[in-house]
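Going down the list, the protein sequences come from chains A and B. Count along the first sequence starting at 1, add 14, and that's the number in the working numbering. Count along the second sequence starting at 1, add 12, and that's the number in the working numbering.
Simulated from the structure, these hints should not be mistaken for laboratory data. Glycine included, each C-beta is placed from N, C-alpha and C at the ideal position. Please note that the accuracy of each hint is not assured.
Unchecked claim - Each computed DSSO-like pair below joins lysine-lysine, with the alpha-carbon atoms no more than 30 Å apart:
1) B:Lys69 with A:Lys17
2) A:Lys111 with B:Lys69
3) B:Lys23 with A:Lys83
To be verified - Chain A residues, not near chain B, derived (Cβ > 10 Å throughout):
4) Lys17
5) Asp25
6) Cys26
7) Glu28
8) Ala31
9) Gly43
10) Lys66
11) Asn67
12) Lys83
13) His91
14) Leu94
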Amino acid sequence: DAKTTQPPSMDCAEGRAANLPCNHSTISGNEYVYWYRQIHSQGPQYIIHGLKNNETNEMASLIITEDRKSSTLILPHATLRDTAVYYCIVRRSNDYKLSFGAGTTVTVRA
Amino acid sequence: GAGVSQSPSNKVTEKGKDVELRCDPISGHTALYWYRQRLGQGLEFLIYFQGNSAPDKSGLPSDRFSAERTGESVSTLTIQRTQQEDSAVYLCASSLPRGQSEAFFGQGTRLTVV
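Chain B extracted, bound-state conformation:
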C-alpha cells in the first residue's frame, strides 16, 4: 500500500500479558516514529528511528516498553507485562530523513488492557 500500515488495528489483552504492535512504513522512508495517545489526550512521543543511527528512546515510559526496527523496514513495539494504564492508541509515522519532511501517520493500533 501507499501509506503507513499498522497491525493489528485493535488488540484486547489481559493485564500482565505481553503484546507486539507492528508498523510497516512507507517504502523509502528512513525515519520512523512511535507515539501513544490515551483517550481524550494528546500524542506522546515514544521512540524515533533514523536509518542505522541509534534510536531516540527518550519517550519510552518504562522498561516494559521496547521497540525494534530492521533496517529501514518494519518496526515492532513490544509492551511486556501490560498494565491497564497502557490502554491507548499507538500510532506509527514515517518520513524521509529529517529536515522539513512531513510525517505520514498510520491509523494506529487501539490497545485495551483488561
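If we strip away everything but chain A, and leave its shape as in the complex, we get:
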C-alpha cells in the first residue's frame, strides 16, 4: 500500500472549516483514500473515503487532486467534539488491512 504523509498536529478555531492535508504521492490506480478519526479513549471512527472524485457526507468532504497524489479532508464547521487524531489511509479495493500511521492531532479551540 502507498504510504501517506500528514502533519503531526494542527489547531482550528471552533466554527471555522478545518482543512486536513494528506500526501500520498505513490498511490496507484486501484487504491482508495480513507479517513478515520480517533477521539481520545475511543476506537477509531470511519469518516469518508474516495477514489478520484470528490466526496461529501454528513461528516466531511474529501477533495482529491486530479493527479491523486494528495487529498484534503474538510470539516466544514469544526466543533470542540471534533478534537481527535485524524488518520489518512490508502488502501487497495480488494485489501482488507487498514494500516494506521501517526495521523494528525487536530485540536479545535473555542
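Since the structure of chain A is already known, use the hints to place chain B on it.
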C-alpha cells in the same frame, strides 16, 4: 447492541498470567480485526478473520498471542504468560466483506500488566 462490543473494558493482570479478551462484532459482519494500541502510539494490526477463510495472523507479535473466532460471531484474543510490554488497548473491528467496506471499531479493552 448496534455496535462492536468488547469485554472487559478494563483488565488488570499480574505478569505471567493468561488473559482472554472478547469481541462481539456487528451482526452480519463477516470480517473481524484485532489491533493493539500502546499508550501514545498508533494502531498495530494483529489478526484478521474473514468468514471461513484461514485468518491472517501476520501481525501477532509472538506465539503467546492467539485468537479464535467461531463462525461469523464472537472472537477471543488470548495472551498467555503476559508481560508488561503487553499493556495496551486492544481494539476489535468488524466490517462487511472486503472491498470498500468501512470498519467499525469497538471501544477497546485496556489491558494493564503489573
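Okay, the hints, checked on the actual structure:
1. B:Lys69 with A:Lys17: The given pair, whose Cα atoms are some 22 Å apart, holds under the 30 Å limit.
2. A:Lys111 with B:Lys69: Holds: lysine 111 (chain A) and lysine 69 (chain B) sit about 12 Å apart, inside 30 Å.
3. B:Lys23 with A:Lys83: violated, 43 Å
4. Lys17: holds, 13 Å
5. Asp25: holds, 19 Å
6. Cys26: The assertion about cysteine 26 (chain A) holds, with a minimum of 22 Å to chain B.
7. Glu28: holds, 26 Å
8. Ala31: holds, 23 Å
9. Gly43: Holds: least Cβ distance 15 Å, greater than 10 Å.
10. Lys66: Per Cβ check, lysine 66 (chain A) is outside 10 Å of chain B; nearest 13 Å; holds.
11. Asn67: holds, 13 Å
12. Lys83: Holds: least Cβ distance 21 Å, greater than 10 Å.
13. His91: At about 23 Å from chain B, histidine 91 (chain A) clears the 10 Å cut-off, so the statement holds.
14. Leu94: holds, 20 Å
Of the hints listed earlier, the one the structure fails to meet is number 3.
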